[in-house]
Amino acid sequence: MTAHDRYSSPLAERYASKAMLELWSPKTRHGLWRRLWLALAESEQRLGVDIPAEALTQMRAHLDDIDFEAVAVYERRFRHDVMAHIHAFGDCAPAAHKFIHLGATSAFVTDNGDLIQMRRGLQLLRGRVIRVLRVLSAFAREWRAEPTLGYTHLQPAQPTTVGKRATLWMQDLLLDLADLDHRIATLPCRGVKGTTGTQASFLEIFEGDHAKVRELDRLVTEAIGFRESIPVSGQTYSRKLDAHVLGVVSGIAASAAKFSADIRMLQAFGEIEEPFERDQIGSSAMAYKRNPMRSERIASLARFVGTLEANANQTHSVQFFERTLDDSANRRLAIPESFLATDAILSLMENIASGLEVHPARIRRRLMDELPFMATEELIVRAVRGGGNRQEAHERIRQYSIAAARALKDGAEHNDLLDRIAADDAFDVSRDELERAMDPKRYVGRAPEQVDEFLAEVVGPMIGEQMDEPVHEEVRV
Amino acid sequence: MTSAAVGQAALPLPLLRSGKVREVYEVDAERLLLVASDRVSAFDVIMAERVPYKGIVLTQMTAWWLGQLDGIIPHHMLASDADAIIATVPALAEHREAIAGRAMLCRRTEVFPVECVVRGYLSGSAWKEYRASGTLAGETLATGLRESDRFDPPRFSPATKAETGHDENIPVSEMHRILGDAVAARLEDASLQVYQRGRDIAASRGIIIADTKFEFGRDPDGTIRLIDEVLTPDSSRFWPADRYAPGGAQPSFDKQPLRDYLDSERRAGRWNGDAPPPPLPESVVAATSERYLDAFQRITGAPLDLSALLTRLQ
Chain Y
1166 MTAHDRYSSP
1176 LAERYASKAM
1186 LELWSPKTRH
1196 GLWRRLWLAL
1206 AESEQRLGVD
1216 IPAEALTQMR
1226 AHLDDIDFEA
1236 VAVYERRFRH
1246 DVMAHIHAFG
1256 DCAPAAHKFI
1266 HLGATSAFVT
1276 DNGDLIQMRR
1286 GLQLLRGRVI
1296 RVLRVLSAFA
1306 REWRAEPTLG
1316 YTHLQPAQPT
1326 TVGKRATLWM
1336 QDLLLDLADL
1346 DHRIATLPCR
1356 GVKGTTGTQA
1366 SFLEIFEGDH
1376 AKVRELDRLV
1386 TEAIGFRESI
1396 PVSGQTYSRK
1406 LDAHVLGVVS
1416 GIAASAAKFS
1426 ADIRMLQAFG
1436 EIEEPFERDQ
1446 IGSSAMAYKR
1456 NPMRSERIAS
1466 LARFVGTLEA
1476 NANQTHSVQF
1486 FERTLDDSAN
1496 RRLAIPESFL
1506 ATDAILSLME
1516 NIASGLEVHP
1526 ARIRRRLMDE
1536 LPFMATEELI
1546 VRAVRGGGNR
1556 QEAHERIRQY
1566 SIAAARALKD
1576 GAEHNDLLDR
1586 IAADDAFDVS
1596 RDELERAMDP
1606 KRYVGRAPEQ
1616 VDEFLAEVVG
1626 PMIGEQMDEP
1636 VHEEVRV
Chain R
1454 MTSAAVGQAA
1464 LPLPLLRSGK
1474 VREVYEVDAE
1484 RLLLVASDRV
1494 SAFDVIMAER
1504 VPYKGIVLTQ
1514 MTAWWLGQLD
1524 GIIPHHMLAS
1534 DADAIIATVP
1544 ALAEHREAIA
1554 GRAMLCRRTE
1564 VFPVECVVRG
1574 YLSGSAWKEY
1584 RASGTLAGET
1594 LATGLRESDR
1604 FDPPRFSPAT
1614 KAETGHDENI
1624 PVSEMHRILG
1634 DAVAARLEDA
1644 SLQVYQRGRD
1654 IAASRGIIIA
1664 DTKFEFGRDP
1674 DGTIRLIDEV
1684 LTPDSSRFWP
1694 ADRYAPGGAQ
1704 PSFDKQPLRD
1714 YLDSERRAGR
1724 WNGDAPPPPL
1734 PESVVAATSE
1744 RYLDAFQRIT
1754 GAPLDLSALL
1764 TRLQ
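Residue numbers (the working numbering), protein chains in the order written: chain Y, 1166 to 1642; chain R, 1454 to 1767.
Since the hints were derived computationally from the structure, they do not count as laboratory data.
The beta carbon of each residue, even a glycine, is placed where N, CA and C say it ideally should be.
Errors might be hidden in some of the hints.
[Claimed, not checked] Partial list, computed: chain R residues near chain Y (C-beta under 10 Å):
id, residue
1, Val1474
2, Met1500
3, Arg1503
Produce the complete structure using the sequences and hints provided.
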């Protein structure tokens, strides 16, 4: 239930998915801590530390039944969250109480736990990226050959197709997907490194046996599902890892933001609109309005996520020597919020992409207003082939074009450039010939074929063949 | 980082090999200790989670099968009971919990470098090869076979032991070249006999053992022995007989809950099919564990007596 008398994060209240909220919940975080303590104790026992089997049995039986009220009481007393959780765990696993956390520093649970959460978070985002790609694939396929005005400098340029433009959005996400896979595969855990990363306390436990300390690191690394632990650490793993992870996350957000910017402009042109609910109200004053608010929300959240990547780099850069605690409060906000916001962004993007309303007539009309200009390059070539002077032809067309463009801006019904050219003997073309030159399909180059090739050769292998049908998910708007 | 080859591990014995799911320790010049862990792999990826009792099932099932071999071929097992092992290897007395049920004390042999695969059904790499070229290990098979069709009689289909990745199927003639005619014939004959006995017993209990892999070694006396795991879900394909339907891939008796979950994660895009795998829900781990215990009960006719295996004899 929403509390109305205190601040709560809109990411939790409004935007993020259940799965992502659960991942960053205290229950998950502290359940991971207990699993880490169990993995440590099991591995220590395997290497000869005298931990009774009963201790491990009790720990295994109480991985998820965390008494958060008892933890709060301990935390008020100790002012230390890790110690509070150790005592609460020890209360339900009394035979293990004196062994929990043996040789470890707080970062053993906090850092390894954070890395597990981040890796899972990347996996969840991966699923969302794939879903968006699936939806955009269908869109690109449907509109593969629909000519539309291209834009460079945000000025009309050679036509492309609606579907081809969607492949540009998709390619950005595919690049993000490759980064995601790289980070998921290579993210290390912190492993078992001790207070300043020297493993001194563990060397003490194993009475100077270096090989056993290394083996402990390996056993715990394997038990918590990692291939590697970070080779060296201070008290914490290098915060550069956070910056790497948030870099991938903010990259996804940026790709979505670029998509949202295009949609907002297309909606302003009236060519393509994001979905709009039957009873949705665009403006409290202007009743006719239909605003691209979902795309605007993507832009809004993505800007926030982008700042968090820079934030992570700054946190890394000001960690003194083996660590300072000025990372802590910042990371508690920056890392989960990056994931929650990007989760929301991708959910919005999927929603928008699966409900885009394309208006071909409007697209065509705006294209036809500009197409005569696009045809002029060909006319210059024809004039020269007929014995004309290239520079002269270019100058005439430049003048006709300026006049036609001005007429359009001053209220002309349609672009009369072709009429002006047909009337000029220097070009020796009939109005009919000129009309035939006005088929927009002639100007889209290989765009339709590029869409086909891209979907078959690039997207297919990356997103797999046998994927689930997209599940329709309601977006709160 | 530390590698799996580091000899320091749970037991006070030199670690010779650490495989996907098993460790092999040296006891002395004549004996080895094989310890099956609860690790589980699917789609060639090892899961982070452990499947409770899986290692015990593998070891005790092997021990049970070895007891059914009378007259076919000698085997390498000396003991699979923790107390019997400790009685002869006192160094393990402090590690009873680590070995209980899951360790097997074995004679050391010189291992023949060929995997002796027997196929009772057309599946896996054999089906892929057949579909592509109509052959199995280069030998032409009848046309028109469907995936998971039954071979009668079963086919012997040796493979080389690849250091990494998948073993490669080789023609029987190649095996004869590697091992010599007498040994090759002996291994083929023993493999087919053990498999057929296993296939018949399992079939009567609702499990199809579609194919399996045996290994053999020669002890210092020159005796050829069946070694390694025998007719376990990890060395074989177990299918539930009541769902057998040739013409496609069959569900796995033991790993299906795990595969279904991983498939759903893959289809949802949350896993790319490569390591690291997604975390497994408790329910999937529990279901997989139950499948292994059920397989044991069906094959041997009696439930795995965990309390007897895990409790120290007085």
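Verification of the hints:
Look at valine 1474(R): its Cβ only gets to about 12 Å from chain Y, farther than 10 Å, so that hint breaks. Interface hint at methionine 1500(R): satisfied, since its Cβ lies 8 Å from the closest Cβ of chain Y, which is below the 10 Å cut-off. Because the closest C-beta pair between arginine 1503(R) and chain Y is about 8 Å apart, less than 10 Å, the hint holds.
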